[in-house]
Amino acid sequence: MAEHIIELKGVTKYFGEDLIIDNMSFFVNKGEFITFLGPSGCGKTTTLRMIAGFDLPTSGQILLHGEDISSLPPNKRPINTVFQRYALFPHLNVYENIAFGLKCKRVINTYRNANGEEYTKRERLTKKEIAAKVKKALEIVDLEGFEKRSIATLSGGQQQRVAIARAIVNEPEILLLDEPLGALDLKMRKEMQIELKKMHDRLGITFIYVTHDQEEALTMSDTIVVMSDGVVQQIGTPTKIYNEPANTFVADFIGESNIFSGTVVGKHKVRFCGKTFECVDDFEQNELADVVVRPEDVKMCPPEEGMLKGEVISVVFKGIHYEITVQVGKYEVIVQSTESRSVGETIGLSVAPDGIHLMKPKYTTNVFDGVITKHNTVRFGDGEWECDVTQLYPESHLDEDEYLITKEGEKIDLTDTEVRVEVGLNDITISDEEDAGGVMGHIISIIYKGDHYRLIVRTEENEEDFVFATEDLWNEEDYVSVIIPKEKILLSLKPKAKEDEA
Amino acid sequence: MKAPGFSRKTLCIPYAVFLIFFVVIPMCVILFYAFTDSEMHFSFSNFLRFFSDPTKLSTIVYSIVISLITTVICLVIAYPVALILARSKLKKKFIILMLFVLPMWINFVLRINAIREFFNLLSQADALSWLETANIFKTVVGMVYDFLPFMILPLYTTMLKIDDSLYEASADLGANSFTTFFRITLPLSMPGIMSGVTMVFLPSMTNYVVSDMLGNAKVTIIGKFISDYFGNDWHMGSMIALVLLIVVFVSTWLTGGFHSEENVRGANL
Chain A
8 MAEHIIELKG VTKYFGEDLI IDNMSFFVNK GEFITFLGPS GCGKTTTLRM IAGFDLPTSG
68 QILLHGEDIS SLPPNKRPIN TVFQRYALFP HLNVYENIAF GLKCKRVINT YRNANGEEYT
128 KRERLTKKEI AAKVKKALEI VDLEGFEKRS IATLSGGQQQ RVAIARAIVN EPEILLLDEP
188 LGALDLKMRK EMQIELKKMH DRLGITFIYV THDQEEALTM SDTIVVMSDG VVQQIGTPTK
248 IYNEPANTFV ADFIGESNIF SGTVVGKHKV RFCGKTFECV DDFEQNELAD VVVRPEDVKM
308 CPPEEGMLKG EVISVVFKGI HYEITVQVGK YEVIVQSTES RSVGETIGLS VAPDGIHLMK
368 PKYTTNVFDG VITKHNTVRF GDGEWECDVT QLYPESHLDE DEYLITKEGE KIDLTDTEVR
428 VEVGLNDITI SDEEDAGGVM GHIISIIYKG DHYRLIVRTE ENEEDFVFAT EDLWNEEDYV
488 SVIIPKEKIL LSLKPKAKED EA
Chain B
3 MKAPGFSRKT LCIPYAVFLI FFVVIPMCVI LFYAFTDSEM HFSFSNFLRF FSDPTKLSTI
63 VYSIVISLIT TVICLVIAYP VALILARSKL KKKFIILMLF VLPMWINFVL RINAIREFFN
123 LLSQADALSW LETANIFKTV VGMVYDFLPF MILPLYTTML KIDDSLYEAS ADLGANSFTT
183 FFRITLPLSM PGIMSGVTMV FLPSMTNYVV SDMLGNAKVT IIGKFISDYF GNDWHMGSMI
243 ALVLLIVVFV STWLTGGFHS EENVRGANL
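Taken in sequence, the protein lines are chains A and B. Last residue of the first sequence: 509 in the numbering used here, with the numbers rising by one and none dropped. Last residue of the second sequence: 271 in the numbering used here, with the numbers rising by one and none dropped.
Worth flagging that the hints you see were computed from the coordinates, not collected in a lab. Bear in mind the structure is a predicted one, so any value in this text is a computation, not a measurement. For glycine and all other residues, C-beta sits at the position ideal for the given N, C-alpha and C. Watch out, some of these pointers could steer you wrong.
[To be verified] Here chain A is said to cover these stretches of chain B; the calculated rule only asks that three of the stretch's residues, wherever they fall, bring their Cβ under 8 Å from a Cβ of chain A:
no. : region
1   : 131-138
2   : 214-222
[To be verified] Lysine-lysine pairs mimicking DSS-like chemistry, simulated, CA-CA at most 30 Å apart:
no. : chain 1 : residue 1 : chain 2 : residue 2
3   : B       : LYS163    : A       : LYS110
4   : A       : LYS83     : B       : LYS163
5   : A       : LYS112    : B       : LYS226
6   : B       : LYS91     : A       : LYS155
7   : A       : LYS493    : A       : LYS414
8   : A       : LYS83     : B       : LYS91
9   : A       : LYS414    : A       : LYS274
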């Protein structure tokens, strides 16, 4: 087993009231190229800064070779950093910048006196030693002959190289890189990625790299730590993280994904997009699951042969492949293929069992896509339901004409607003009486869960599933109406389409 | 033919007129008086008289020494203040800065009067009676009080521009706070030091109001000298003014005040 060069144990960091890092624990193997990956504000830079010593953890330990260094100042740590915007000293030239760390360094030399006794002295490096080390560092970053140049005369890429040279010249045990390629153009970035990787192989130093660019992380790293909201979401090799994402956040953040809410309806059987698919993952029956399908795992076929049938609504050429968006019922499915299709064409889609990844959903509730109708009711799951629309805007209320008035007094007509509807497992009841609830459906599955039954009711029109718990015994194939109390229908505004954010 | 019209150059006319009447012509007058005798004939007699008179020369040296002391004290007080303010994460640090700058907004003569009364009050006490005759001490205190904001401001603005990541980089590379100060903070704040020094040193050589009011008219600095001569001998007065001009020019040149942009950037607000 490889040696853990650095280990975080229950590290928590607050900035004032804000929780930035929440009880984070992981280790880094010696000699590894590890990448902290996550969206901005996920805490990856803060984690790096705590390892460097610029920020101190509020609680928890940072261990270097098993020793607690949490409160050691940065200049006492055998760790060097390549800063996001390089942080080169503007008043020093290239040589002086790189030599800065060496001039601060003291080495312990052993001498022998006239009597043959050994004694040690803490000494500075000699000018000659420094010059030799700087020269070697400049060779590594391919900047021979730049010693006398002033920093201001260097291009972004050259400054980047000087920043790297300035860090590695000190022969740190760990090199920290904080989004070092962020300011470079695409071509330069690709080149530097390969060079950094080579440098890592050649120097044998542990690299800790921070980036928000998933492609960069996949290209360079031995290990990726995916972070979000100050919490580690998954740690693993690039292949593992890509192929077996631990949750929908990772699946969504790494590469393109189709994410559906599904229901496990049988052994190795999952239902989403209104169809039942074979899958590899084994989940408990009648559980809700998030289903992740990579766009390249969706295969196109003639309409009659596919599991799903839909209409092509957009085709984008991406260089190596086409990205085809297919409207299947009310779902959009993204497909990556080297073949093109024309917009408007009806095609079939199929997914092999090993292309379907099931994940435990973050919230075990029924989630539907809904639309607010004219009378402030919400339409979802093939039915129309009474609901409290004022929960969409805090402190709002309805006026006599049934318009929503926000806290600020703004009048909003909610008709046709798309919302996300959540209904808890314990908030649904069913009844024999027709029209007692919002929609009718057949009970398709009953599973005894020890003290209660887990039921699935499926509607006829669009085959929507309602999953819920009940203590009463029902029979399969019973035709029942689904009742959800008004206050149990949780509404939230849908975030704008993802593409808009990016 | 270009139609005559309103151009940007037209806007320069008021300033050009001002420049001609209040800078160029007075300079010519000074030059003229400096090199003429009382019969208005060209002569070097003022020049010779000035440099052969030990009192005049010693006054110049005296002025320079007082200004130097003032400048050094200002720098020693202002540098830590500016550094702490610039590096603090306080949201309200502008208010603290304002407190240091506020005296600048109160009438200068009023302030000096106040400080004189304050000294008078102090010297009533037996232990502090020496203050009565400590003219140089009081002059220097008055000048430091007067010019401190001019030192703080350029230092502060220069230090604000030093990126925090440079301090972090320095620590990261193994430098302790002592090394960081001498190898990063000090060199990078040099432009601020230069403009601060220029803004304190030069005015304190000529500001004879302070020395008059606080020094019981016993401290004669070069500005006082010029003013006295202009009462009866414009020729000598002009000559001293010219010598001062040259001293100022040389010291500005020595402190690098003529490198445009970079080094005068502290002089805003």
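Against the structure, the hints come out as follows:
1. 131-138: Contact hint for the region 131-138 of chain B vs chain A: violated, 0 residues under 8 Å.
2. 214-222: This one is violated; 0 residues, fewer than the three required, reach chain A with a Cβ under 8 Å.
3. B/LYS163 - A/LYS110: 25 Å, holds
4. A/LYS83 - B/LYS163: 27 Å, holds
5. A/LYS112 - B/LYS226: At roughly 55 Å apart (the allowed maximum being 30 Å), B/LYS226 and A/LYS112 break the hint.
6. B/LYS91 - A/LYS155: Roughly 36 Å separates the two Cα atoms, so the pair is violated.
7. A/LYS493 - A/LYS414: 22 Å, holds
8. A/LYS83 - B/LYS91: OK: A/LYS83 and B/LYS91 at ~24 Å, within 30 Å.
9. A/LYS414 - A/LYS274: 49 Å, violated
When the structure is compared with the earlier hints, violations turn up for hints 1, 2, 5, 6, 9 and for no others.
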